[in-house]
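In our numbering, the protein residues as written are 104 to 255.
These are computed hints drawn from the structure, not numbers from a lab.
Mixed in with the good hints, there may be bad ones.
DSS-like, lysine-lysine: derived pairs with alpha carbons at most 25 Å apart [claimed, not checked]:
1) Lys145 / Lys159
2) Lys140 / Lys168
3) Lys211 / Lys168
4) Lys213 / Lys130
5) Lys133 / Lys211
6) Lys168 / Lys145
7) Lys234 / Lys211
8) Lys140 / Lys254
9) Lys254 / Lys159
10) Lys159 / Lys234
11) Lys254 / Lys213
12) Lys234 / Lys133
13) Lys168 / Lys133
14) Lys130 / Lys234
With beta-carbon atoms standing in for the labels, derived distance ranges [said to hold, decoys possible]:
15) Lys133 / Val219: 21 to 31 Å
16) Thr142 / Thr179: 15 to 25 Å
17) Val137 / Asp207: 15 to 25 Å
18) Ile247 / Glu191: 23 to 33 Å
19) Thr244 / Glu191: 33 to 43 Å
20) Thr166 / Val219: 14 to 24 Å
21) Tyr143 / Asp207: 15 to 25 Å
22) Asn214 / Asn135: 19 to 29 Å
23) Thr253 / Glu160: 17 to 27 Å
Note that beta-carbon positions come from the ideal geometry of N, C-alpha and C, so glycine has one too.
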Amino acid sequence: MKKIMILIFALTLFSCGASKNVRSKEKTIKGNWVLNKITYSKTGDYNVTLFNDASKECLEGSTWKFVPNNNTGVYTVNNQNCIAGEREFIFVIQEINEVSGYYDFLLKPKNNENNVGFRVELSQLSENSMKWQQNLTVNGTPFIINMNFTKQ
Numbered sequence: 104m105k106k107i108m109i110l111i112f113a114l115t116l117f118s119c120g121a122s123k124n125v126r127s128k129e130k131t132i133k134g135n136w137v138l139n140k141i142t143y144s145k146t147g148d149y150n151v152t153l154f155n156d157a158s159k160e161c162l163e164g165s166t167w168k169f170v171p172n173n174n175t176g177v178y179t180v181n182n183q184n185c186i187a188g189e190r191e192f193i194f195v196i197q198e199i200n201e202v203s204g205y206y207d208f209l210l211k212p213k214n215n216e217n218n219v220g221f222r223v224e225l226s227q228l229s230e231n232s233m234k235w236q237q238n239l240t241v242n243g244t245p246f247i248i249n250m251n252f253t254k255q
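Work the whole structure out from these sequences, hints included.
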């Protein structure tokens, strides 16, 4: 009986951890990245504030550092025409569908008075590039923000 209880406890413990696929993504994301380009699914001029922080123009060229062992990171706005500096965040890669490979990526700024997080889709990740998509609805129609990163 004691061995069965230990086995059940061990199985429960392992089932609560992140999947092998998610751990692999966390290893790949580790390190320094540059947010090179932000595009929208629809053409036009949009006044978008990303992550309740900065505009597209301010975040393009920003540097990002991901530390997956404690799920923290920091991004730095470098544009002199913007409020420059470092912003700390917490992130979590949440598995959606192991077959399709699509994941939700939860990003939550640390110094956030409203305790708000932002969900983006980690739609592409390789050793050298990463792509996030944020799906929104604007005036009742789908609107996608694409964020393209390269590893430093």
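Here is how each hint holds up against the structure:
Of the supplied pair hints, the one linking Lys145 and Lys159 holds, its CA atoms being roughly 15 Å apart against a limit of 25 Å. Under the criterion of a C-alpha separation no larger than 25 Å, the hint pairing Lys140 with Lys168 is consistent with the structure, at around 17 Å. For the proposed pair Lys211 and Lys168, the alpha carbon gap of about 14 Å is at most 25 Å, so the pair holds. For the proposed pair Lys213 and Lys130, the alpha carbon gap of about 22 Å is at most 25 Å, so the pair holds.
Between Lys133 and Lys211 the CA atoms are separated by roughly 17 Å; this keeps the pair inside 25 Å, and the hint holds. At roughly 29 Å between alpha-carbon atoms, Lys168 and Lys145 are farther apart than 25 Å, so this suggested pair is violated. Of the pairs offered as hints, the one joining Lys234 and Lys211 holds, with about 18 Å between alpha carbons and a cut-off of 25 Å not exceeded. Only pairs whose Cα atoms come within 25 Å are accepted, and Lys140 paired with Lys254 is accepted, the gap being roughly 13 Å.
For the given pair, Lys254 sits about 19 Å from Lys159 by alpha-carbon distance, which is consistent with the 25 Å threshold. For a cut-off of 25 Å, the pair hint linking Lys159 to Lys234 stands: about 15 Å separates their Cα positions. A C-alpha spacing of about 23 Å is found between Lys254 and Lys213, which places the hinted pair at or below 25 Å, so the restraint holds. Note on Lys234 and Lys133: the hinted pairing holds, with a Cα-Cα distance of about 15 Å set against a maximum of 25 Å.
For the hint pairing Lys168 with Lys133, the CA-to-CA distance comes to about 7 Å; that is within 25 Å, so the pair holds. Note on Lys130 and Lys234: the hinted pairing holds, with a Cα-Cα distance of about 16 Å set against a maximum of 25 Å. Range check, Lys133 to Val219: about 25 Å between beta-carbon atoms, so the 21 to 31 Å window is met. The hinted range of 15 to 25 Å is satisfied by Thr142 and Thr179, whose Cβ atoms lie roughly 21 Å apart.
Taking 15 to 25 Å as the suggested C-beta distance range, the pair Val137 and Asp207 conforms, at roughly 23 Å. Distance hint check: the CB atoms of Ile247 and Glu191 are about 27 Å apart, consistent with the given range 23 to 33 Å. Look at Thr244 against Glu191: about 34 Å separates their beta carbons, and that is inside 33 to 43 Å. For Thr166 paired with Val219, a C-beta distance near 23 Å keeps the hint of 14 to 24 Å intact.
Taking the beta carbon of each, Tyr143 and Asp207 are about 20 Å apart, inside 15 to 25 Å as hinted. Our hint of 19 to 29 Å for Asn214 and Asn135 holds, since their Cβ atoms are close to 21 Å apart. Checked against the given bound of 17 to 27 Å, the beta carbons of Thr253 and Glu160, roughly 18 Å apart, stay inside it.
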